[in-house]
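Engineer: Line by line, the protein sequences are chains U and W. Residue numbers are given in my numbering: position 10 of the first sequence equals residue 10, and the series is strictly consecutive. Residue numbers are given in my numbering: position 20 of the second sequence equals residue 20, and the series is strictly consecutive.
Rather than coming from a laboratory, the hints here were simulated on the basis of the structure. We treat Cβ as the ideally placed atom computed from N, Cα and C, and that holds for glycine. Possibly wrong hints are sitting among the right ones.
[What the hints assert, rightly or not] Simulated crosslink set (SDA-like; lysine to any residue; CA at most 25 Å straight-line):
hint : chain 1 : residue 1 : chain 2 : residue 2
1    : U       : K340      : W       : D61
2    : W       : K102      : U       : K28
3    : W       : K13       : U       : K118
4    : U       : K340      : W       : E21
5    : W       : K30       : U       : K125
6    : U       : K125      : U       : K111
7    : W       : K30       : U       : Y338
8    : U       : K352      : W       : L72
9    : U       : K28       : W       : N19
10   : U       : K118      : W       : L17
11   : U       : K111      : U       : P176
12   : U       : K28       : U       : T348
13   : W       : K102      : W       : D74
14   : U       : K315      : W       : L17
15   : W       : K102      : U       : T348
16   : U       : K340      : W       : D10
17   : W       : K30       : U       : D345
18   : U       : K188      : W       : N80
19   : W       : K76       : W       : L106
20   : U       : K125      : W       : L72
21   : U       : K251      : W       : I66
22   : U       : K31       : W       : N80
23   : U       : K125      : W       : D10
[Unchecked claim] Facing chain W, according to a computed beta carbon distance under 7 Å, are these residues of chain U, among others:
hint : residue
24   : L79
25   : I81
26   : S190
27   : R193
28   : S284
29   : R291
30   : N292
31   : W324
32   : F354
33   : T357
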Amino acid sequence: MSSFKSIQTFEGHRNFRLRLVLATLAGKPIKISKIRSEASNPGLTDSEVSFLRLLEAVTNGTHIEISYTGTTVIYRPGLIIGGELNHVCTGQKPVGYYIEPMLYLAPFLKKKFSIVFKGLTASDKTLDAGVESLKWGLIPVMEKFGVREVNLHILKRGSPPLGGGEVHLICNSLIPQPLTIHALETPKISAIRGVAYCTRVSPSFVNRMIDSARQVFRPTGVDVNITADVWRGENAGKSPGFGITLVGELKRGWRIVAEGVGSPGSIPEDLGEKIAYQLLQEISQSSVVGRNQLQLCLVFMTIGKEDIGRLKVHKSQIDDNLIWCLRDLKSMFGIEAYLKEDEQDYMTISIKGFGFTNSSKKIA
Amino acid sequence: LKILVQRRWDINKLIYLDNIEPSEVIRRWKQHEEEDEEEEDIEDDDDDFFKKKQTASTTEDLDNFIPSFPPLEDLKRKFNPDGGDDDDNDDKEYENGYQILKTRLLVAPKVTDESSE
């Protein structure tokens, strides 16, 4: 019998971070080829290389091979270790790009996790997660799977282009495997919360964003509480900027999030209004979690106990991204999801857990 | 003689067919949903049944967190509390967004111009 594990192969740069995270959790080597092979600037981006370096830092024994053109990566994961680290986020991506996949790994490390990420805290140029979205959107979902004591602190804000932000991720909760969830009822929205922030611009920007967002929510009659967060001095980073994150608080601790960052020349009122409408859209087309939280749920359901977890979703949430995610999960863990028609406009996703065991725990 | 073909796609089988692009999976599944509602003849779809497989853009960022949303004007129209029964918009997705939203709210909505302050 060969001692080498067969390599799972993927093509293209889609779900790059997710595939690497799944490989790390499964302990299986993967090969990703044809990464932007037909683009004028082929191969991995700076951000993707930086993410590979981060994975190398939080694991022990990881082996990464990148082809000369950068269009092929072979990743052989090691043991997830964790510990205390600093990571300077290069490229054009905000720190959320790096923190999001770390949340998938953080509960399964050998040591408690503490990483300080330095760079942009949000960006208007990309569609990556802002720090508040992760804090108010993903961490509450992790709690549902039994992962508590995960904290995300913004030490400094850093707006594009120069950044200068610092964010501290701490995970004190180490669990053998995620709990099985049964989220079969669509919870009601009890309140809308949020934070509007600005760096190196007039504090009136945040009030203008808050007022315009409140105008949109006023007819709903729901309790709205948006916090103004004005950053000054050294902690405000190197560039001016502003943004808003809005959270729909659902019963039983679920959250639905929408966020946006102001572009140069944009008006705060427009941003506040746009994000408020986007939150309404996300609420109206979701059940328990929003589209940006669905991937985390599916991954934790797959690696959970050998029991069937169920999650109610809106039919509009069944999209390309969900299918790509389910296919990747099947490739790595051999687990298939089952979708069943529920009431009108809703479906239930059932996944039987893989029975993942935290490998760090086994040898500890 | 026109035969009504009733293709019923099971999404659970379509999802894991690697030779079908996810966008095509969604298209076939959505088509099935529409058929259930309208009982339409689907012979017209033979033309695009064999259409060229879409390939992912090489420059597009396919690893995003923030999902895509319709244009702001569409959302404003959808969530207009004064009524979503515009004659020029028959699309189910955009009809009466505020009514859908009301079913999710824990408090009774109040549509007034009075300021709470």
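Engineer: All hints are to be evaluated individually against the structure, with a verdict given for each.
Structural biologist: How the hints compare with the structure:
1. K340/U - D61/W: violated, 31 Å
2. K102/W - K28/U: violated, 47 Å
3. K13/W - K118/U: violated, 44 Å
4. K340/U - E21/W: Holds, at about 21 Å.
5. K30/W - K125/U: Given pair K30/W, K125/U is violated - Cα atoms ~32 Å apart, limit 25 Å.
6. K125/U - K111/U: Given that 25 Å is the threshold and the Cα spacing comes to 35 Å, the pair is violated.
7. K30/W - Y338/U: Measuring from Cα to Cα gives roughly 17 Å; hence the hint holds.
8. K352/U - L72/W: Not satisfied, since the Cα-Cα distance of roughly 39 Å exceeds 25 Å.
9. K28/U - N19/W: holds, 24 Å
10. K118/U - L17/W: Given that 25 Å is the threshold and the Cα spacing comes to 41 Å, the pair is violated.
11. K111/U - P176/U: holds, 13 Å
12. K28/U - T348/U: violated, 29 Å
13. K102/W - D74/W: holds, 18 Å
14. K315/U - L17/W: With a Cα-Cα distance of about 20 Å, the restraint between K315/U and L17/W holds, given a limit of 25 Å.
15. K102/W - T348/U: holds, 22 Å
16. K340/U - D10/W: Given pair K340/U, D10/W holds - Cα atoms ~10 Å apart, limit 25 Å.
17. K30/W - D345/U: holds, 12 Å
18. K188/U - N80/W: Given pair K188/U, N80/W holds - Cα atoms ~20 Å apart, limit 25 Å.
19. K76/W - L106/W: holds, 22 Å
20. K125/U - L72/W: holds, 18 Å
21. K251/U - I66/W: Within the cut-off at roughly 23 Å; holds.
22. K31/U - N80/W: Roughly 49 Å separates the two Cα atoms, so the pair is violated.
23. K125/U - D10/W: violated, 38 Å
24. L79: It is violated, given that the least Cβ distance between L79/U and chain W is near 25 Å, above 7 Å.
25. I81: violated, 25 Å
26. S190: holds, 5 Å
27. R193: R193/U check fails; min Cβ-Cβ to chain W is 14 Å, beyond 7 Å.
28. S284: Hint holds; S284/U Cβ to chain W Cβ min 5 Å, cut 7 Å.
29. R291: This interface hint holds because 4 Å falls under the 7 Å limit.
30. N292: holds, 5 Å
31. W324: holds, 6 Å
32. F354: Violated: closest Cβ of chain W sits about 16 Å from F354/U, beyond 7 Å.
33. T357: violated, 25 Å
The earlier numbered hints that this structure contradicts are 1, 2, 3, 5, 6, 8, 10, 12, 22, 23, 24, 25, 27, 32 and 33.
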